[in-house]
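Student: What follows is each chain in one-letter form.
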Amino acid sequence: MKLHNPITLLLSLTALLLSQQSIAAPVEYIFINLWDEYVQQTPLPDPHPDIERRFLHPDINIDKPSVDQFTALFPVYDGLKIDTHNQLAIRYGVRQTPYRLVVEGKKVITREALIKAPLAAHADQPAQDQTLQTLSGHPFDPTRPGAGFRVLFFSDSLCPFQHIPNCERRIAQNNHLSANIDYPVITVIKPFYVDHTQVSAYQQRFNVNHEIVFDSHNQLFRRFEVTDLPYWVVQNRQGKVIYRANQVPPLPL
Amino acid sequence: METIMKTNLKTFLTGIVLLALSATASAKPYPPLQARTLADQPISSSGKITYLKFWATWCAYCVEEMPLLQQAFENSQESYQVIAVNVGFNQTVKGVKTYLNRYGYRFPTVFDASGSITRQYRVTGTPQHILLDASGKEIYRSALLTDELRQHLATLTGDKL
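Residue numbers (numbering that gives the first Met the number 0), protein chains in the order written: chain A, 0 to 252; chain V, 0 to 160.
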């Protein structure tokens, strides 16, 4: 039998005790969906003084900048992490949010759905057509482009995000287009999951050099049947669409 | 100088190998999707060109696209099959059935209760459109309903856009 010296034995024992303690220490996981939290905040239970609380977001429809933006606005969720590849959600069978688990070692000692009223998807709400105006307060009429062509650039203030590929480059292309043609260019912003605050932030973040319309009831997206983002539509002076594509229009048409 | 060249060459070769590996990985067909629909019918992607749409009722972008998915289903003329995969997260079978019935959507829908189909197709966002050829290889993928996807579907049915 191999004999260890006392210091090695002591160190091994300490390491063993520490590892057991860290395994045994209970952890509370709270899974949330930040997009729902923007609409309606989850009433969180009071934290337990002896239990570490960790906030997790399922690995769907999420990225790091969105998490950072959210935690800056809602500091109560400070430390929110993406549950990469949904490893913990899969391990503990979590298929809904908001959801709370207390885990000790490998054992789940508490699990509960945190109560929240169901939310209707934005697009599932009745269609409404309202009078529109630009962020600077000018009226916007989709049927009357004015004296010549008009370029409509359909975009999303959630950019950069996975469902809007290359959006930063395309927004820059659109700013370049606007700076180099004599026709008006209007950016139209998708209303899903955002409000005026995010639209103004988009305007500043991308130094948008032309008017922006926040399509708060999604009426322009419906009218022009735009399902791809970002997307360009060009109208002639009668309001007829003469170009539509996810590529910059090669003006003059 | 020689060391720098060797380092550059090593980096270049590593890049080529990684590129080749990633190309191989992306070209690999997915195992066929075998599932039961909400109407309790067996459905499979095996041997058929398949248009998969991953969605959820809480996803505004998904819900907005649903009439167009129904249209793609009606236009498919057996040139491709549509399978709508509800991702099952924050969803119930009852709720999804109620939603589909309310709008009269008739495309085959699979409820991904465990999330295994979503993982199998490496879907990390909704909506997600994936077009598979008959061998299960991915022909096209996009988050939103793009012109390119419409073009692919129109080509399959022989329609002009």
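These are computed hints drawn from the structure, not numbers from a lab.
A few of these clues could be false.
As the list claims (entries may be wrong) - What follows is a set of in silico ranges between Cβ atoms, one per label pair, in the way DEER data are often shown:
#, chain 1, residue 1, chain 2, residue 2, range
1, A, 43, V, 134, 47 to 53 Å
2, A, 251, V, 38, 25 to 31 Å
3, V, 134, A, 45, 52 to 58 Å
4, V, 45, A, 135, 53 to 59 Å
5, V, 146, A, 235, 18 to 24 Å
6, V, 77, A, 251, 41 to 47 Å
7, V, 146, A, 250, 39 to 45 Å
8, V, 133, A, 235, 26 to 32 Å
9, A, 133, V, 133, 32 to 38 Å
Ideal Cβ placement from N, Cα and C applies to all residues, glycine included.
Student: Against each hint, give a clear statement of whether it holds in the structure.
Tutor: Okay, the hints, checked on the actual structure:
no.: 1; hint: 43(A) / 134(V): 47 to 53 Å; result: 49 Å, holds
no.: 2; hint: 251(A) / 38(V): 25 to 31 Å; result: 53 Å, violated
no.: 3; hint: 134(V) / 45(A): 52 to 58 Å; result: 55 Å, holds
no.: 4; hint: 45(V) / 135(A): 53 to 59 Å; result: 56 Å, holds
no.: 5; hint: 146(V) / 235(A): 18 to 24 Å; result: 21 Å, holds
no.: 6; hint: 77(V) / 251(A): 41 to 47 Å; result: 44 Å, holds
no.: 7; hint: 146(V) / 250(A): 39 to 45 Å; result: 19 Å, violated
no.: 8; hint: 133(V) / 235(A): 26 to 32 Å; result: 44 Å, violated
no.: 9; hint: 133(A) / 133(V): 32 to 38 Å; result: 49 Å, violated
The structure fails to meet hints 2, 7, 8 and 9 from the earlier list, while all remaining hints are met.
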